[in-house]
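The chain contents come next:
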Amino acid sequence: GENVEQHPSTLSVQEGDSAVIKCTYSDSASNYFPWYKQELGKGPQLIIDIRSNVGEKKDQRIAVTLNKTAKHFSLHITETQPEDSAVYFCAASGNTNAGKSTFGDGTTLTVKP
Amino acid sequence: SAVISQKPSRDICQRGTSLTIQCQVDSQVTMMFWYRQQPGQSLTLIATANQGSEATYESGFVIDKFPISRPNLTFSTLTVSNMSPEDSSIYLCSVVIYPYEQYFGPGTRLTVT
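Those protein sequences? They're chains S and V, same order as listed.
Throughout the first sequence, residue numbering follows this note's numbering, covering 1 to 113 in sequence.
Throughout the second sequence, residue numbering follows this note's numbering, covering 114 to 226 in sequence.
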């Protein structure tokens with residue numbers, strides 16, 4: 001089955017700096033890669049996703065890049081703000097298992113004011 | 114997108130009892146899923162809740178322990194049966210909006226004493 005590894009497990013940055021979280025996956029059949037933000041006491045919130053037919057996607061301060069050859073994808077947050085502090089999860093799934101995502105172990109991001 | 118609600122939001126239960134968690138979605142969806150998130154951990158898929166048929170369980174999860182109902186396209190329940198402290202987790206309902214986008218409910222925080 002699919003295996004998703006996520007690094008780092010914790011990340012601390014100063015407000016205004018950039019943050020990068022990286023994930024690798026093992027199943028070449030995976031073609032959908034979402035990122036979730038989970039704040040304390042809440043469910044995971046889909047913040048951005050990318051499909052395998054594109055290499056990069058941006059939405060305001062967040063972007064995701066995908067390298068299918070190397071089987072890795074990354075989340076980039078620019079101009080970080082204290083409200084970006086949360087646990088971030090990457091995930092991977094494919095056409096035949098939509099919804100049955102394999103998740104990374106999560107990254108706890110702390111943005112210091 | 115989808116708006117998902119869960120009841121109860123949290124509960125403290127005695128060992129050996131059962132708890133039924135409800136999940137309501139604001140639109141009709143074909144694919145609903147139940148996940149478990151143990152304290153400080155990532156998300157693990159319990160089962161796929163199919164409307165009109167029995168749920169499909171992932172390895173390590175069985176129907177006797179986690180019976181699921183899916184009476185229509187907007188509602189599902191998950192029962193955690195004969196609970197033990199090891200069942201203390203966050204239980205999350207999830208849906209897929211065609212073709213890939215996956216959304217999560219706010220979660221039910223269960224503590225078993």
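Please keep in mind that the hints were generated in silico from the structure rather than gathered at the bench.
Certain hints may be false.
Straight-line Cα separation of at most 27 Å, DSS-like style, residue types lysine-lysine; simulated pairs [said to hold, decoys possible]:
| no. | chain 1 | residue 1 | chain 2 | residue 2 |
| --- | --- | --- | --- | --- |
| 1 | S | Lys57 | V | Lys178 |
| 2 | V | Lys120 | S | Lys42 |
| 3 | S | Lys22 | S | Lys112 |
No experiment lies behind these values; they were computed from the predicted model shown.
These are the hints, each one checked on the structure:
Distance hint between Lys57 of chain S and Lys178 of chain V is unfulfilled; the C-alpha atoms sit about 41 Å from each other, more than 27 Å. Between the alpha carbons of Lys120 of chain V and Lys42 of chain S the distance comes to roughly 14 Å, so the proposed pair stays at or under 27 Å and holds. A C-alpha spacing of about 21 Å is found between Lys22 of chain S and Lys112 of chain S, which places the hinted pair at or below 27 Å, so the restraint holds.
When the structure is compared with the earlier hints, a violation turns up for hint 1 alone.
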